[in-house]
Amino acid sequence: MEPLIEVKNLTIGFGTAEPTIEDVNFSIKMGETLALVGESGSGKTLSCRAILGILPNTAKIHSGEIISNTGKTPQNLLELNEKLFRKIRGDCISMIFQEPMRSLSPLHKVGHQVAEVLELHRSCPKKKIKKEVIAQFERVGFPDPKRAYNSYPFEMSGGMLQRAMIAMAMIAKPDLLIADEPTTALDVTTQAQVLGLINDLQKETGMAVILVTHDLGVVANMATKVVVMNKGRVMESGNAKDILSAPAHPYTQKLFAAAPAIPEASEIVPAVPHDDLILDLKNITKTYHARSSTPWKPAAVIQAVRGVDLQLTRGKTLAVVGESGSGKSTCARIALGAELPDEGGDVHFFTEPKATPLNVTALSRTERYDFQKQAQMVFQDPYSSLSPRMQIIDTLIEPLSIHNIGTKSERIDRAKDVLKLVGLDSSILRRYPHAFSGGQRQRLSIARALIMSPKLLVCDEPTSALDVSVQDQILDLLEEIRDAQQLSYLFISHDLAVVSRIADEVAVMRQGRIVEQAPPCTLFANPKHPYTKALIAAQPEPDINRPINLDLVALGAGKPSSWADNFRFEGDDVPPLQELEPGHMVRCHV
Amino acid sequence: MIFLRYAAFRLLTMLLTLLLVSALVFMIINLPPGDYLSNQIDELRATGQTVSVAKAEFLRHEYALDRPIVEQYFIWIGVMPGPHGFSGLLQGDFGWSFEFDQPVADIVGQALWLTVLVNLAAVLFVYLVALPLGVIAAARSKTWVDYTSAFVGYLGLATPNFLLALILFYYGHRYLDLPIGGLMAPEFEGEPMSFAKMNSILIHLIIPTFVIGTSGAAAMMQRLRANMLDELSKPYVETARAKGVPPARLLAKYPLRVALNPFVADIGNLLPSMISGSVLVSVVLGLQTIGPALLTALKSQDQFLAGFILLFVALLTLIGTMISDVLLMLLDPRIRYGERK
Numbered sequence: 001m002e003p004l005i006e007v008k009n010l011t012i013g014f015g016t017a018e019p020t021i022e023d024v025n026f027s028i029k030m031g032e033t034l035a036l037v038g039e040s041g042s043g044k045t046l047s048c049r050a051i052l053g054i055l056p057n058t059a060k061i062h063s064g065e066i067i068s069n070t071g072k073t074p075q076n077l078l079e080l081n082e083k084l085f086r087k088i089r090g091d092c093i094s095m096i097f098q099e100p101m102r103s104l105s106p107l108h109k110v111g112h113q114v115a116e117v118l119e120l121h122r123s124c125p126k127k128k129i130k131k132e133v134i135a136q137f138e139r140v141g142f143p144d145p146k147r148a149y150n151s152y153p154f155e156m157s158g159g160m161l162q163r164a165m166i167a168m169a170m171i172a173k174p175d176l177l178i179a180d181e182p183t184t185a186l187d188v189t190t191q192a193q194v195l196g197l198i199n200d201l202q203k204e205t206g207m208a209v210i211l212v213t214h215d216l217g218v219v220a221n222m223a224t225k226v227v228v229m230n231k232g233r234v235m236e237s238g239n240a241k242d243i244l245s246a247p248a249h250p251y252t253q254k255l256f257a258a259a260p261a262i263p264e265a266s267e268i269v270p271a272v273p274h275d276d277l278i279l280d281l282k283n284i285t286k287t288y289h290a291r292s293s294t295p296w297k298p299a300a301v302i303q304a305v306r307g308v309d310l311q312l313t314r315g316k317t318l319a320v321v322g323e324s325g326s327g328k329s330t331c332a333r334i335a336l337g338a339e340l341p342d343e344g345g346d347v348h349f350f351t352e353p354k355a356t357p358l359n360v361t362a363l364s365r366t367e368r369y370d371f372q373k374q375a376q377m378v379f380q381d382p383y384s385s386l387s388p389r390m391q392i393i394d395t396l397i398e399p400l401s402i403h404n405i406g407t408k409s410e411r412i413d414r415a416k417d418v419l420k421l422v423g424l425d426s427s428i429l430r431r432y433p434h435a436f437s438g439g440q441r442q443r444l445s446i447a448r449a450l451i452m453s454p455k456l457l458v459c460d461e462p463t464s465a466l467d468v469s470v471q472d473q474i475l476d477l478l479e480e481i482r483d484a485q486q487l488s489y490l491f492i493s494h495d496l497a498v499v500s501r502i503a504d505e506v507a508v509m510r511q512g513r514i515v516e517q518a519p520p521c522t523l524f525a526n527p528k529h530p531y532t533k534a535l536i537a538a539q540p541e542p543d544i545n546r547p548i549n550l551d552l553v554a555l556g557a558g559k560p561s562s563w564a565d566n567f568r569f570e571g572d573d574v575p576p577l578q579e580l581e582p583g584h585m586v587r588c589h590v
Numbered sequence: 001m002i003f004l005r006y007a008a009f010r011l012l013t014m015l016l017t018l019l020l021v022s023a024l025v026f027m028i029i030n031l032p033p034g035d036y037l038s039n040q041i042d043e044l045r046a047t048g049q050t051v052s053v054a055k056a057e058f059l060r061h062e063y064a065l066d067r068p069i070v071e072q073y074f075i076w077i078g079v080m081p082g083p084h085g086f087s088g089l090l091q092g093d094f095g096w097s098f099e100f101d102q103p104v105a106d107i108v109g110q111a112l113w114l115t116v117l118v119n120l121a122a123v124l125f126v127y128l129v130a131l132p133l134g135v136i137a138a139a140r141s142k143t144w145v146d147y148t149s150a151f152v153g154y155l156g157l158a159t160p161n162f163l164l165a166l167i168l169f170y171y172g173h174r175y176l177d178l179p180i181g182g183l184m185a186p187e188f189e190g191e192p193m194s195f196a197k198m199n200s201i202l203i204h205l206i207i208p209t210f211v212i213g214t215s216g217a218a219a220m221m222q223r224l225r226a227n228m229l230d231e232l233s234k235p236y237v238e239t240a241r242a243k244g245v246p247p248a249r250l251l252a253k254y255p256l257r258v259a260l261n262p263f264v265a266d267i268g269n270l271l272p273s274m275i276s277g278s279v280l281v282s283v284v285l286g287l288q289t290i291g292p293a294l295l296t297a298l299k300s301q302d303q304f305l306a307g308f309i310l311l312f313v314a315l316l317t318l319i320g321t322m323i324s325d326v327l328l329m330l331l332d333p334r335i336r337y338g339e340r341k
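In order, the protein sequence lines correspond to chains A and B. Just so it is clear: in the first sequence, position 205 is 205 by this note's numbering, and no numbers are missing. Just so it is clear: in the second sequence, position 42 is 42 by this note's numbering, and no numbers are missing.
Everything labelled a hint here was simulated from the structure, so no lab data went into it. Any given hint might turn out to be false.
With a Cα cut of at most 27 angstroms, we get these calculated DSS-like pairs of lysine-lysine [said to hold, decoys possible]:
1) A:LYS126 x A:LYS83
2) A:LYS231 x B:LYS234
3) A:LYS131 x B:LYS142
4) B:LYS234 x A:LYS87
No experiment lies behind these values; they were computed from the predicted model shown.
This is chain A alone, in the form it adopts within the complex (with noise of 0.2 angstroms):
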């Protein structure tokens, strides 16, 4: 069989400067999954983009073809007119992008953004094109097409709207499917069911689809074929099967190396005592209230926190794992008093064991000062939490400054210490952040928060805008600087296959409630609940023997009141949070 597209010796650059992706080769025949692999920057993104003709304007092709198949004759789409390129794109080929939410028009109708594509490319009624486009929408798994159709993407969540956006790309039947990181910015549990309606809606058609990604698991699930690039070239390329059972380039190997997976357990470990905590979180619930644009509406009311306790013993990492609007976060900024809990939730923090906790909820001027030094946070994204225009030195001691420590002269060796402390070397200091990568950048937010040598540190999804090898080296400095320094954290994380690794206890939130605590190993050997067996379900894995199990993510991941009887949650009805065994807590009816 013919490919359907045969990408020969691409090579594109950037003005004058050294060529971004060099000589790439790889073809896809239809009703393949091709994987592009290859973390931030490697080019997997450009060479897509090349095939579709939608390079930026500043790029240049240096030389190479792209040979497509999809007309009757065989042509080269770098030679191909603007005007006959339009005809092949969202027609013949289409893409789907990473970000649904900034992928869609704000202003216009859902529906009317992918009816545009039988517009553009099929001469019928504007009636029969509707009727297409609800009968596509329930085909991606909207409960209500007709509704959907009338919706706007600001009404609709991530899930939802990635399921648009397949939609739109398969509206016109493409030969070929660019799908770019569809599922980074989406939780597990969606990403699972979105890459199930991929594999679907592929044998329905009989499509091929090209598959970027950064994530080894999802390459398990998906392709038939994976090419590895780095730095703008193919390092390893061929059948899936072969790739990932026996990965050749020490490129791909140190990938699967630094895959997040969630461990095989089988045994039963013993409770985290709970005898020296460092924080203690009471009965924590927090409303938010959403003031309405007219007076005569009632203000919106959101419960994202709903009676949570969370014990942290000294010494310990206690993870609290969800999907985006649990809660999660909101726990971590109220055990740090950046946010204070509804009446009723208290908040405590042992300085030292058996002491007088401080009571962070009531914090006078003085304690707060005082608290400020023994807890600090790191934050999610690097590129946003460093000041763009402060050199290093002065983003480090700026806390020593604010709390009056040390001389001057002290506060630059403090900086230098804790440098060297997180794997950076001390001739930074005078830098600006942009010099610097993701991965050094964490570091830098990581020395900022233990400058002031703290006790607890709240960490807030610390890796999860980061590539799987940084984001490997990351953890591994947390562990070390929590060991060497004898801290605590609180972790919040929706991954936890991360979570796996550095937790000593993991809390999994649904809806502002805590459905499922225990030791990291006794939640993978025996978990009870069904949402923490969908988010088990739904971690991809990088082996190929192992798919997604699709019925399970669906069981757990669905509503809280379609859970089965004993976990039902039914409003304010909620199961109560039971000890099952020795630190094992499931909310259910027993």
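Using the hints provided, position chain B relative to the given structure of chain A.
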């Protein structure tokens, strides 16, 4: 339904604001000590014209200027009976201009509509010029089109209006035979509206529109260009390209729709700034707008005339913001359905 309720709600807040503005305006005009008549009386006393003093005193009583300021205000807006019963703004009686010795309505009458006309023409000019230029400058950014329009725009911003007016008068008259000064040929003044009169007004409008509108258009164009450039780099534009949307249609349908928001929101600001900006231009160009009358009235503390004009400008502003709010709601579903669940 949401829309109607919103419009009604906005209308209500607009009326409340207008009431507040009227109180403020009246208070500020009366801040300097004395009033037009007491100033005049002092002057007459000093020159010993006692007969005229009696007449002025009579007028003061007639227009309730001898009452406390709060009462004067209520009489002015017409919620309290004055010396001749209820006769204030609410009853359609705009008061008496001491400076011109005429009812305010007579002085302002035609000028009011001409003011609205001149400024509407200028606003229209601003939008008609800024919209295409801003879009083209953004779509062809960093090419000669962009640089030329930016250069012309900055020239427009930097040239003082009255200077531009004089230059245009000179060259417009010399080469294009455009009329100098005024808003219509002298023979039509006071005449009823006719086709010839309208024609004359339109020809006279060309230069004032250009003068008043240029700087606004230049500023608006740059703003639109910046907004468009922001939007052009958003992922949804890329999605549209990947669908195969032709470039012109893409530009108009996606980024322009989003970039239009600040453009529309500016209507409210544009009207008042043009009217206050056009006062000086009106004096230079000899336009029969309310600008010159306002200037005289403010200088001589002619309170009813000044108060009425200021209130009128405030009303235009409020109408402008209301129009832009309502338009925004129609244009942007995020504002319209922000609370729909």
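Status of the hints after comparison with the structure:
1. A:LYS126 x A:LYS83: holds (24 angstroms)
2. A:LYS231 x B:LYS234: Since the Cα atoms of LYS231 (chain A) and LYS234 (chain B) sit roughly 25 angstroms apart, the hinted pair holds (cutoff 27 angstroms).
3. A:LYS131 x B:LYS142: violated (44 angstroms)
4. B:LYS234 x A:LYS87: The hint holds at about 23 angstroms.
Violated hint for the displayed structure: number 3, the only one.
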